[in-house]
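Chains as they are written, first to last, in the working numbering: chain A, 1 to 292; chain B, 1 to 292; chain C, 1 to 292; chain D, 1 to 292.
Take the hints with a grain of salt, since some may be wrong.
[Claimed, not checked] Straight-line alpha carbon distances no greater than 20 Å define the calculated PhoX-like cross-link-like pairs of lysine-lysine that follow:
1. C/112 with D/112
2. A/179 with D/249
3. A/69 with A/36
4. C/112 with D/249
It should be emphasised that the hints constitute simulated quantities derived from the structure, not laboratory data.
Number of protein chains: 4
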Amino acid sequence: MREVKGIVGYLITPYTKDGNQVDEAMIEILVDLLIKNGVHAIAPLGSTGESAYLSLDEWAQVAEVTIKKTAGRVPTVIGVSALTTDTTIQMAQKAEELGADAVMVLPLSYWKLSENEIFDHYSRISDSISIPIMAYNNPATAGVDMMPKLLVKMFNEIKNVCMVKESSGDIQRMHEIYKLSNGNLPFFNGCNPIALEAFAAGAAGWCTAAPNLIPDETLQLWNAVQKGDLNEARKVFYKQLPILEFILKGGLPSTIKAALKIQGFEVGDPRLPLMPLANEGQQELKQLIDKL
Amino acid sequence: MREVKGIVGYLITPYTKDGNQVDEAMIEILVDLLIKNGVHAIAPLGSTGESAYLSLDEWAQVAEVTIKKTAGRVPTVIGVSALTTDTTIQMAQKAEELGADAVMVLPLSYWKLSENEIFDHYSRISDSISIPIMAYNNPATAGVDMMPKLLVKMFNEIKNVCMVKESSGDIQRMHEIYKLSNGNLPFFNGCNPIALEAFAAGAAGWCTAAPNLIPDETLQLWNAVQKGDLNEARKVFYKQLPILEFILKGGLPSTIKAALKIQGFEVGDPRLPLMPLANEGQQELKQLIDKL
Amino acid sequence: MREVKGIVGYLITPYTKDGNQVDEAMIEILVDLLIKNGVHAIAPLGSTGESAYLSLDEWAQVAEVTIKKTAGRVPTVIGVSALTTDTTIQMAQKAEELGADAVMVLPLSYWKLSENEIFDHYSRISDSISIPIMAYNNPATAGVDMMPKLLVKMFNEIKNVCMVKESSGDIQRMHEIYKLSNGNLPFFNGCNPIALEAFAAGAAGWCTAAPNLIPDETLQLWNAVQKGDLNEARKVFYKQLPILEFILKGGLPSTIKAALKIQGFEVGDPRLPLMPLANEGQQELKQLIDKL
Amino acid sequence: MREVKGIVGYLITPYTKDGNQVDEAMIEILVDLLIKNGVHAIAPLGSTGESAYLSLDEWAQVAEVTIKKTAGRVPTVIGVSALTTDTTIQMAQKAEELGADAVMVLPLSYWKLSENEIFDHYSRISDSISIPIMAYNNPATAGVDMMPKLLVKMFNEIKNVCMVKESSGDIQRMHEIYKLSNGNLPFFNGCNPIALEAFAAGAAGWCTAAPNLIPDETLQLWNAVQKGDLNEARKVFYKQLPILEFILKGGLPSTIKAALKIQGFEVGDPRLPLMPLANEGQQELKQLIDKL
Numbered sequence: 001m002r003e004v005k006g007i008v009g010y011l012i013t014p015y016t017k018d019g020n021q022v023d024e025a026m027i028e029i030l031v032d033l034l035i036k037n038g039v040h041a042i043a044p045l046g047s048t049g050e051s052a053y054l055s056l057d058e059w060a061q062v063a064e065v066t067i068k069k070t071a072g073r074v075p076t077v078i079g080v081s082a083l084t085t086d087t088t089i090q091m092a093q094k095a096e097e098l099g100a101d102a103v104m105v106l107p108l109s110y111w112k113l114s115e116n117e118i119f120d121h122y123s124r125i126s127d128s129i130s131i132p133i134m135a136y137n138n139p140a141t142a143g144v145d146m147m148p149k150l151l152v153k154m155f156n157e158i159k160n161v162c163m164v165k166e167s168s169g170d171i172q173r174m175h176e177i178y179k180l181s182n183g184n185l186p187f188f189n190g191c192n193p194i195a196l197e198a199f200a201a202g203a204a205g206w207c208t209a210a211p212n213l214i215p216d217e218t219l220q221l222w223n224a225v226q227k228g229d230l231n232e233a234r235k236v237f238y239k240q241l242p243i244l245e246f247i248l249k250g251g252l253p254s255t256i257k258a259a260l261k262i263q264g265f266e267v268g269d270p271r272l273p274l275m276p277l278a279n280e281g282q283q284e285l286k287q288l289i290d291k292l
Numbered sequence: 001m002r003e004v005k006g007i008v009g010y011l012i013t014p015y016t017k018d019g020n021q022v023d024e025a026m027i028e029i030l031v032d033l034l035i036k037n038g039v040h041a042i043a044p045l046g047s048t049g050e051s052a053y054l055s056l057d058e059w060a061q062v063a064e065v066t067i068k069k070t071a072g073r074v075p076t077v078i079g080v081s082a083l084t085t086d087t088t089i090q091m092a093q094k095a096e097e098l099g100a101d102a103v104m105v106l107p108l109s110y111w112k113l114s115e116n117e118i119f120d121h122y123s124r125i126s127d128s129i130s131i132p133i134m135a136y137n138n139p140a141t142a143g144v145d146m147m148p149k150l151l152v153k154m155f156n157e158i159k160n161v162c163m164v165k166e167s168s169g170d171i172q173r174m175h176e177i178y179k180l181s182n183g184n185l186p187f188f189n190g191c192n193p194i195a196l197e198a199f200a201a202g203a204a205g206w207c208t209a210a211p212n213l214i215p216d217e218t219l220q221l222w223n224a225v226q227k228g229d230l231n232e233a234r235k236v237f238y239k240q241l242p243i244l245e246f247i248l249k250g251g252l253p254s255t256i257k258a259a260l261k262i263q264g265f266e267v268g269d270p271r272l273p274l275m276p277l278a279n280e281g282q283q284e285l286k287q288l289i290d291k292l
Numbered sequence: 001m002r003e004v005k006g007i008v009g010y011l012i013t014p015y016t017k018d019g020n021q022v023d024e025a026m027i028e029i030l031v032d033l034l035i036k037n038g039v040h041a042i043a044p045l046g047s048t049g050e051s052a053y054l055s056l057d058e059w060a061q062v063a064e065v066t067i068k069k070t071a072g073r074v075p076t077v078i079g080v081s082a083l084t085t086d087t088t089i090q091m092a093q094k095a096e097e098l099g100a101d102a103v104m105v106l107p108l109s110y111w112k113l114s115e116n117e118i119f120d121h122y123s124r125i126s127d128s129i130s131i132p133i134m135a136y137n138n139p140a141t142a143g144v145d146m147m148p149k150l151l152v153k154m155f156n157e158i159k160n161v162c163m164v165k166e167s168s169g170d171i172q173r174m175h176e177i178y179k180l181s182n183g184n185l186p187f188f189n190g191c192n193p194i195a196l197e198a199f200a201a202g203a204a205g206w207c208t209a210a211p212n213l214i215p216d217e218t219l220q221l222w223n224a225v226q227k228g229d230l231n232e233a234r235k236v237f238y239k240q241l242p243i244l245e246f247i248l249k250g251g252l253p254s255t256i257k258a259a260l261k262i263q264g265f266e267v268g269d270p271r272l273p274l275m276p277l278a279n280e281g282q283q284e285l286k287q288l289i290d291k292l
Numbered sequence: 001m002r003e004v005k006g007i008v009g010y011l012i013t014p015y016t017k018d019g020n021q022v023d024e025a026m027i028e029i030l031v032d033l034l035i036k037n038g039v040h041a042i043a044p045l046g047s048t049g050e051s052a053y054l055s056l057d058e059w060a061q062v063a064e065v066t067i068k069k070t071a072g073r074v075p076t077v078i079g080v081s082a083l084t085t086d087t088t089i090q091m092a093q094k095a096e097e098l099g100a101d102a103v104m105v106l107p108l109s110y111w112k113l114s115e116n117e118i119f120d121h122y123s124r125i126s127d128s129i130s131i132p133i134m135a136y137n138n139p140a141t142a143g144v145d146m147m148p149k150l151l152v153k154m155f156n157e158i159k160n161v162c163m164v165k166e167s168s169g170d171i172q173r174m175h176e177i178y179k180l181s182n183g184n185l186p187f188f189n190g191c192n193p194i195a196l197e198a199f200a201a202g203a204a205g206w207c208t209a210a211p212n213l214i215p216d217e218t219l220q221l222w223n224a225v226q227k228g229d230l231n232e233a234r235k236v237f238y239k240q241l242p243i244l245e246f247i248l249k250g251g252l253p254s255t256i257k258a259a260l261k262i263q264g265f266e267v268g269d270p271r272l273p274l275m276p277l278a279n280e281g282q283q284e285l286k287q288l289i290d291k292l
C-alpha cells in the first residue's frame, strides 16, 4: 500500500462543449498539470468532481482515464459513493480493478442512517475489496454525519478503513479522532478555510481542489507545517484564505471550473441544476487571484 | 385535470424474496388494498417508496404497474426526483406518457442549490410536460429547503406548479403559504405527526403512508375536518398519534414494510444500507396497532 | 385555587416620562382595560412585562399594583424569574403574600442547567409557597429548554406545579405533554402565531399580549374553539395572524408599547438596550390594525 | 493603557461556608496564586466568576478586593455585564473608579438584540468611561451572538473598544476578525478546547480559568507559540486537552471550584440552581490531573 499524505489534489470533471459528455482529453491535461504543480496525490470523483451528478458509466470512464494518465507518478484516491450499498460495492470493485491506490467512501443519505447501518455499509464494502478505504465525512453535502467515535471504531474494527477525511469544518472533531485513536488514525482535512488549524491539530494532509488554481500557496502551507514553522504557516495561510473561502462558498464545481476557464482551460459548466459562476463572481475571483 | 385532495396514500416498493427485484404482483395487491380502504389518491415512488434507492428502470416499472392497476379509480401522483435536471425531466415525461395524473417533484441536493437554481429546475421540468406538478419540500431527506415565498412564487410564475406538499413539519410554513397566496395555493401536509394542525391551518390533504396500516383512522380525521368538527378531529388524531410518531421515527420504508408484514404481506426489506425494523421495534409496532 | 384558563392577558410595564420610573397609574388603566375587554386572567411581569429588566423593588411594585387593581375580578398570574434559586423564592413568596392566584416560573440560564438542576429549582420554589405554579418554557428568551418529559415529571412529582406555558412554538411538544400526562396537565400556548393549532391540540388557554390591541379577535378565537367550530376558528385566526406575527417578530415590549401609544396610552419606551419600535414599524402596525 | 496579552487568568468567586457570602480572604489567596504561577493578567467576574449570579454589591466587592490585591503586578480586566444598559454603565464606571485596567463587556439578552441595539449599548458604555473595553462574545451563555463584522465595526467606530474575546468556538470567526481588521484588532480566545488553533490563527491571548489547576501547561502552550514552534505547541496542547474539555463540559464554576477543593482551597459551591460537581465527576477530574 502506498502512503497517502500531504496535498491531495481534487479534479473537476470536464465536459465537452457539444453534448455534455465527459471530456477525456481535458482530464489528461488537468492530471498532468496537478502533478507537475506538485500535488502528492490525485483524487477524481469527489464533491468537486460532481461524482453525484454522473451516471455509473461516466463515473467509471473518469476513474479509468485518471488512473491511466496518473500512471503511478503519485497515488490515486478514487471517490466512491452511492445511495445503496450494492452500487457502492460495484464502484469500489471497479476502482480496484482499474488500479486505484485507495477509495474514498462517502455514505449518502435519503433516509437518515443509524450508526449501525453506516458501520455495516463500510464493512460490506471493505469485504468486497482489498485496497485502503478513506472514510469521508461531509455532513453538509451528504446528509450523513459520522462522529469521531464511529470513525475510530470503524478504523479499529473494519479491515480496510485506514484513513479519514473530515469535512465538517469542526476542528474539535479532529481532536477527538486524535485522542480516541492515540494519534494512530491519519485524518485529512476537507474543509478549505480551516487548513491552517487542521495542520496545527495534526492532520496528515489536506484534500483540496485549490491546487487547480493556487498550487504554490497550498504547497507552501504544507512545507511550513513540515518544518514546524507556525509563523510562516500562518502567513501563507492568510494570504490564500480569501480564495479558499471564495471557492467553498460558491460551490467547488462552479468556482473551480470558473478558475480553470480563467486560466484558459475549456472545462464546461457544472451540470444542471447547478449553474456556472455568474459574471460578478468571475470578476471577484479574477481579482482575488490577481491580488495574490 | 383531476383534482387531488384528501388522503393521498403512499405506496412502499415491494421486492421479491429472491434477488431484490421489484415485485409487480405485490404492487397490484397494495394498490387494490389502498383504494378499497378509501384513499383519495395513490402515490408511488415517494420517500416511502424508496424512490431514491431504485434504478431508473425500476422506477419506471413501479410507475407503470401502479398507474395501470389504479386504472383511473383515483388519481395517481408519481414521485419524480433526481440530482440532475435532465434525469428529472426524463422521469417526468415518462410519468406523463404512462398516464399519471400529476407528478410530485422533489429537488435533491448534493451541492446546495440557490433559489435561482431551484426555480430554473422546476421551470425546465414544467416546460417539458403538460400535467400538474406538486412541488415537494422535504428538507430533512432531500437537503433542499424551499421556503414559502419561493413555493408561492413558483405557483404564480411556473405553469404546471399548482400544488405543494410541505413536509418540513413547521406549521408556520403553511400559514405563510396561505397568506402569500391568499389561500389559493393548495398545500398538502407530509409530516404525519402534525396532521391535525395542518388540517386546522387549511391543508387540502394529507400525503401519508399510514393508510397501509390504519386506513380507517386516517379517513376519520379527514371526515371530521370536512365536517368542521374540531373536538372529533382532535379525538381521532390523538388516537392514532402514537402510530404516526412511530412510523416516522423509525423511517417510513422500514416501519411501513414491517407493518405490512404483520398483516401478512411479503413485501421484502428496504434496500441496504437501510435495515429492516428490528425485532424490538416490530413488537412495539404490533402493540401500538393492537391498542387502537 | 381558582382555575386559570382561556385568554390570559399579558401586561407591559409602563414607565413615567420623566425618569423611567414604573407608572402605577398607567398599570391601573391597562388592568381595567384588559378586564373590561374580556380577558380571563391578568398576567404582569412576563416576557412582555420586561420582568428581566426590572429591579427587585420595581418587580414587587408592579405585582402589588396589578393584584390590588384586579381585585379578584379575574385570577392573577405573576411572573417570577431570576438567575438564582434564592431570589426566585423571594419573589414567589412575595407574590403569594401580595395575593397572587398563581405564579408563572421561568428558569433563566447563564450556565446551562441540567434537568436535575431545573427539577431541584422548581422543588425548592414549590416548597416555599402554597399557591399554584405554572411552569414556563421559553427557550428562545430564557436559554433553558424544558422538554415535555421533564415538564410532566415535575407536574407529577412537585406539589404546586399544575400548569405549563409552552412558548417553544413546536406543536409536537404539546402532543407529548398531552400523551405523557394522559391529557391531565393543562398546557397554555405562549407562541402567538400558532394559537390556532395549539387550541386544536387541546390547549387550556392562550397566554398573550395581543388583547392589549385586538381583544375581540383573541376572544373570538377562544369562543370558536369552545364551540368546537374549526372553520370559524380558522377564519378568525387567519384574520389576526398578520398582527400576531408582527408583534412577536418585533419583540413584544417594543410592539405592544407602540400599539398602546397608537391607542393614546403614554406607556413609555422599553428599557435600553431595547429600543422602541422604529417609525417604519409603527406605520406598518397601524396599517395592520386598520385593515382588521 | 497597559497592554493585555498572553494568558488571562479567570477567577472563580469563592463563598464562605456559613451563609454564602463572598469570601474576600480567599479571593486574595487565589489572586496571589495565579500571579505567582505566571498569568499575564487577572480577570474576575467573568462566566467562571459567576458574575451573573451575584448582586450588584457583591460584584463591586469582588472587583475591589481583586484590584487591590493585584496591586498592579499584572493588568486587571473586570467583567461587566447586565441586562440593562444603565446598570452596565454603573458597573463600568465603578470598575474604572476602583482602578481596573480594562473592562470586559458582555451584552446579555432576554429579548434578542439587533446589531443596532448592541452597537448603541457599547457606545453608551464607552462614552461613560475612559478605560479600554474588551468586547466579549459568548453566544452560548449570553444569548447574544456578535458576528465578526459587528465586532470590527465597533472596534473602528467606538472609542474604547480595542480588544475582542471570542468564545463562540468557531475558528473561522477569528479569521474574519483578522481579515476585516487587517490584523489590527487583537482577539483573545475564550473557548478552551480550541486554544491551539486560536493561537495558530493569531490570537493575542487566551482567556481561561485553566491556570487555577494547570498553570504550567497553559504557559507552556503560550511559550511554544511565542517561539513559533508548532510541534511543541501541538504536543503541550494535546497533553492538557482532556482537562480543558472536562472543565468546559462540566460548567466552569462547578469544575474549577472542584479543582480548587482538590488542591485544598475551601471556595464553596456555585450558587443554586447551579450544583457542585458530583462525586463521579470529582473522581474523573482527579484522575485527569494525576495523569498529566
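Restraint check for residue 69 of chain A with residue 36 of chain A, where alpha carbons must lie at most 20 Å apart: 13 Å, holds
Hinted pair residue 179 of chain A and residue 249 of chain D, Cα distance within 20 Å: 16 Å, holds
Pairwise hint evaluation, residue 112 of chain D against residue 112 of chain C, where the allowed Cα distance is 20 Å at most: Holds - the C-alpha atoms of residue 112 of chain D and residue 112 of chain C are around 18 Å apart, at most 20 Å.
Distance restraint between residue 112 of chain C and residue 249 of chain D, which requires alpha-carbon spacing of 20 Å or less: OK: residue 112 of chain C and residue 249 of chain D at ~10 Å, within 20 Å.
The structure agrees with every numbered hint stated previously.
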